[in-house]
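2 protein chains.
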Amino acid sequence: MDADRRIRLALVREKIFRHFSEGIVPFWAERGIDTEFGGYLTNFDADGRWISEDTDKYIVTQTRMIWGFSLFHQRFPQDKRYLDYATQGVDFFIDHFWDQQWGGWFWKVRRDGSLIDPGKVVYGQSFAIYALSQYYLATGDRRGLEYADRTFDLLQRYCADTARGGYYENLEPDWSLSAPGFHAGDRKSLDIHMHLLECFTTLYQASGLDVHRRRLEEVIHILLKHMVDPVIGCGLNQFDLEFRRIPPIAIRRTWNAEREGELAAGAVDTTSYGHNLELVWLLLHACDVMQIPGSTYLENIRKLVEHAMQYGIDWMNGGIYRDGPHTAPAVVRDKEWWQHTEALVGLLDAYILLSDERYLDAFENIWTFADRFFINPELGEWRTLLSEDGTPIVSGLGNPWKACYHSGRGMDECLKRLDVILEGR
Amino acid sequence: MDADRRIRLALVREKIFRHFSEGIVPFWAERGIDTEFGGYLTNFDADGRWISEDTDKYIVTQTRMIWGFSLFHQRFPQDKRYLDYATQGVDFFIDHFWDQQWGGWFWKVRRDGSLIDPGKVVYGQSFAIYALSQYYLATGDRRGLEYADRTFDLLQRYCADTARGGYYENLEPDWSLSAPGFHAGDRKSLDIHMHLLECFTTLYQASGLDVHRRRLEEVIHILLKHMVDPVIGCGLNQFDLEFRRIPPIAIRRTWNAEREGELAAGAVDTTSYGHNLELVWLLLHACDVMQIPGSTYLENIRKLVEHAMQYGIDWMNGGIYRDGPHTAPAVVRDKEWWQHTEALVGLLDAYILLSDERYLDAFENIWTFADRFFINPELGEWRTLLSEDGTPIVSGLGNPWKACYHSGRGMDECLKRLDVILEGR
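Heads up: the sequence lines are chains A and P, in that order. First residue of the first sequence: 0, per numbering that gives the first Met the number 0; consecutive thereafter. First residue of the second sequence: 0, per numbering that gives the first Met the number 0; consecutive thereafter.
Just to be clear, a hint being listed does not mean it is correct.
[To be verified] Some chain P residues flagged as far from chain A (calculated, every beta-carbon gap over 10 Å):
| hint | residue |
| --- | --- |
| 1 | 48 |
| 2 | 98 |
| 3 | 160 |
| 4 | 166 |
| 5 | 210 |
| 6 | 218 |
| 7 | 231 |
| 8 | 363 |
| 9 | 372 |
| 10 | 376 |
| 11 | 394 |
| 12 | 398 |
| 13 | 421 |
[As the list claims (entries may be wrong)] Label pairs and their in silico Cβ distance ranges:
| hint | chain 1 | residue 1 | chain 2 | residue 2 | range |
| --- | --- | --- | --- | --- | --- |
| 14 | P | 98 | A | 264 | 42 to 52 Å |
| 15 | A | 224 | P | 223 | 19 to 29 Å |
| 16 | P | 179 | A | 224 | 14 to 24 Å |
| 17 | P | 230 | A | 324 | 35 to 45 Å |
| 18 | P | 360 | A | 291 | 55 to 65 Å |
| 19 | A | 73 | P | 261 | 46 to 56 Å |
| 20 | A | 264 | P | 324 | 47 to 57 Å |
| 21 | P | 266 | A | 231 | 34 to 44 Å |
| 22 | P | 229 | A | 224 | 20 to 30 Å |
| 23 | P | 266 | A | 97 | 51 to 61 Å |
Just so you know, the hints here were simulated from the structure itself, not pulled from any lab data. Here the structure is a predicted model, which means the values were calculated and not measured. In this text, a Cβ means the ideal position worked out from N, Cα and C, and glycines have one as well.
Assemble the whole structure, with the sequences as input and the hints as a guide.
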């Protein structure tokens with residue numbers, strides 16, 4: 000790395016630190032707490048104004064806010080508010096989302112905590128494990144680890160597929176399998192198995208238990224054996240229960256289906272560049288927590304990154320596309336916030352592992368685009384969706400799927416890696 | 000079926016009923032209860048005398064006795080002793096075998112209940128589920144179903160292989176995987192997965208819960224996809240964790256290893272005729288409990304039976320051999336009690352499903368041999384091991400692996416099927 004690059008990266012580091020500590024953290028601390036009912040408010044328009052017509056609480060964003068304030072407390076322990084903000088979120092979550100009859104967590108409640116949708120979705124359960132484990136690590140409150148482990152047990156009891164491996168993903172309130180098709184009781188996905196990798200990593204970090212590590216190793220086995228293309232190396236998308244790849248559809252209770260409704264099936268070779276780079280750093284983080292070398296999955300990581308380098312990065316406008324086929328240019332060329340934050344972390348990790356400066360080129364490319372177009376300069380949170388050239392499509396700063404998770408985590412994880420790169424820390 | 004066969008089978012039915020009710024049941028009721036410490040005494044010599052030098056209590060035979068007295072109570076409810084005998088066995092089992100620290104059941108205790116071996120073996124856990132579910136069905140004592148379901152949960156948490164499907168089989172006291180080789184943490188087997196099929200069937204029968212049925216369906220999937228030869232149709236033996244067939248070895252904490260110690264690996268194509276015929280009727284019983292047609296697995300069942308017909312039955316001396324290769328005559332030609340009781344049931348079930356009278360020929364062949372050589376005529380329990388021609392090798396009537404399970408269950412299951420065949424009941 001030459002001196003110019005070092006100087007540029009040091010400036011990016013400072014900018015990201017200010018953006019995180021003076022933008023994202025206060026954005027959510029000042030407006031994310033529901034002081035009337037407890038839990039979190041998550042929906043904010045382009046000017047950071049609360050959207051009072053849309054106040055339902057989703058498991059995904061309530062847990063992402065618990066996760067976020069737990070992180071903020073770890074990073075800024077001198078500010079005592081974040082601990083309180085995390086704890087009140089856990090209180091609300093246990094009081095109103097925990098299913099006293101069947102165990103596990105509901106999908107959606109009203110602002111006051113009254114029940115709307117008691118469905119059991121592994122995506123949501125995985126975020127509960129992730130947030131509660133992080134909360135335990137940050138606070139030492141035993142409720143976090145206890146409920147995380149109870150959720151882990153329920154996944155083993157009701158969701159593990161002991162015939163073929165992996166997990167069933169979409170279940171009814173009583174944990175019976177959902178219907179096929181739009182309800183997707185007959186599908187498995189890279190997305191949800193990647194979030195199981197994510198949450199089992201943090202659960203193992205919190206518990207140190209052998210069985211949590213074993214399930215983490217097993218879900219990595221599933222991801223790398225069945226859910227990435229063995230030759231091309233990019234991530235696949237959806238599968239039948241036997242892990243045969245099938246054309247992806249919009250599935251009930253997902254971000255895409257809630258935006259776009261039930262869609263015709265897509266191409267079977269659809270891959271998400273953001274997921275691929277998120278998988279890179281989640282794999283390396285899991286290695287770190289398991290104290291095994293990051294080089295364990297070197298070839299998988301190299302292929303995942305190289306695919307994004309070839310097809311995902313928009314070298315002209317900057318940023319990263321959403322989706323595309325395995326061996327041709329990107330098709331869905333909008334720019335979405337979360338792919339960018341995850342790509343930034345994945346590229347830094349790939350550089351640390353493989354010492355290839357092209358990954359730093361891509362990192363700088365994406366950061367420059369994000370800094371210019373995604374980050375609201377007054378409010379410091381990320382816009383949701385832009386066109387290919389950066390024109391805003393959805394400028395809202397908070398929605399039922401967003402919260403402070405991708406933005407806050409992405410910035411925090413970048414800071415850790417930039418410190419390693421710049422100072423060998 | 001001609002009139003001669005009908006008369007012969009009716010006589011066999013009467014003989015089996017007397018053998019069961021006047022032989023096996025009183026044999027164990029009169030000497031199987033440990034009135035000093037609780038639980039069961041299981042070791043008796045060729046004359047039915049208690050072997051006082053060998054009084055350790057194994058999970059396998061303690062649970063088999065709970066299972067047996069639960070059955071006896073169902074069959075002979077007017078005799079109130081059997082309910083007490085089952086209940087005191089459950090009391091002892093919960094008090095002395097339940098691991099308060101890690102959950103699950105110990106492998107072995109002394110006669111007074113003090114701990115010898117806290118190892119966690121799925122074979123043992125499966126018999127706990129089987130016995131406690133049967134005990135609940137027989138008595139309505141909620142403890143039975145509660146502990147069975149807790150054990151089921153522990154299998155899901157600690158033993159399910161969520162990478163490849165199926166279950167890890169040999170675990171340490173804290174439920175970590177045992178070492179490879181003789182400790183067999185790296186092996187899966189037809190034997191243990193068949194006993195999971197057996198126990199999940201009775202658990203589902205007891206609970207009616209969707210999740211127990213799902214796990215039952217999944218273990219059937221594993222057995223028929225990975226554990227029987229797809230062309231020849233006979234059962235395989237041992238596998239690595241990926242279900243690749245490997246040469247079988249004697250494994251710690253198994254009947255063979257305790258008899259014979261650590262042996263050189265056998266031939267990879269070893270199959271057990273007794274297991275194959277046991278699998279036949281356990282599959283059909285599972286269909287019955289799930290209320291799906293027995294013809295669901297028709298081709299598997301036909302192949303399992305035909306293999307035993309071709310290679311397993313000793314048409315000259317009578318009886319059934321122990322083991323042999325897939326496509327050649329039997330190699331291990333001793334006659335062991337349990338293969339005979341299981342074969343009798345499997346052959347009757349195969350006849351009911353497929354209406355092939357050759358299966359009744361084999362049934363009569365095995366019964367005649369058993370009645371003449373295995374069953375102790377004064378005491379009514381089965382000897383353990385005979386040579387090919389019926390000469391006793393081990394005449395003992397009870398050992399740490401035997402109890403009243405194969406003999407009592409086999410006779411009871413034969414009676415049910417003979418009633419169907421003879422009277423259409």
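Results for each hint:
Residue-level check passed: residue 48/P sits 45 Å from the nearest beta carbon of chain A, beyond 10 Å. Against the 10 Å criterion, residue 98/P stays outside the reach of chain A, whose nearest CB is about 15 Å from its own CB. With a minimum CB-CB distance of about 7 Å to chain A, residue 160/P fails to clear the 10 Å threshold, and the non-interface call is violated. Residue placement check: residue 166/P does not keep its beta carbon more than 10 Å from all beta carbons of chain A (closest about 7 Å).
Distance check for residue 210/P against chain A: the nearest CB is about 6 Å away, which does not clear 10 Å, and the non-interface claim fails. Some Cβ of chain A comes within 10 Å of the Cβ of residue 218/P; the nearest lies about 7 Å off, and the non-interface call is violated. The non-interface label for residue 231/P is consistent with chain A: the shortest C-beta to C-beta separation is roughly 22 Å, beyond 10 Å. With 10 Å as the threshold on Cβ separation, the claim that residue 363/P sits away from chain A holds: the shortest Cβ distance comes to roughly 38 Å.
In this structure residue 372/P is separated from chain A by more than 10 Å, as the shortest Cβ-Cβ distance comes to about 41 Å. Distance check on residue 376/P: its Cβ is at least 46 Å (rounded) from any Cβ of chain A, clearing the 10 Å threshold; non-interface status holds. In this structure residue 394/P is separated from chain A by more than 10 Å, as the shortest Cβ-Cβ distance comes to about 41 Å. Against chain A, the non-interface label of residue 398/P holds: every CB pair exceeds 10 Å, the least being about 33 Å.
No Cβ of chain A approaches the Cβ of residue 421/P within 10 Å, the least distance being about 38 Å, so the stated non-interface status holds. Distance hint check: the CB atoms of residue 98/P and residue 264/A are about 49 Å apart, consistent with the given range 42 to 52 Å. Residue 224/A and residue 223/P have their C-beta atoms about 22 Å apart, which keeps the hinted 19 to 29 Å range intact. Distance hint check: the CB atoms of residue 179/P and residue 224/A are about 21 Å apart, consistent with the given range 14 to 24 Å.
Distance hint check: the CB atoms of residue 230/P and residue 324/A are about 39 Å apart, consistent with the given range 35 to 45 Å. Residue 360/P and residue 291/A have their C-beta atoms about 60 Å apart, which keeps the hinted 55 to 65 Å range intact. With their beta carbons about 52 Å apart, residue 73/A and residue 261/P fall inside the hinted range of 46 to 56 Å. Distance hint check for residue 264/A and residue 324/P: the Cβ-Cβ separation is about 48 Å, which falls inside the suggested range of 47 to 57 Å.
Our hint of 34 to 44 Å for residue 266/P and residue 231/A holds, since their Cβ atoms are close to 41 Å apart. Look at residue 229/P against residue 224/A: about 22 Å separates their beta carbons, and that is inside 20 to 30 Å. Judged by the Cβ atoms, the range 51 to 61 Å given for residue 266/P and residue 97/A holds: they are separated by roughly 54 Å.
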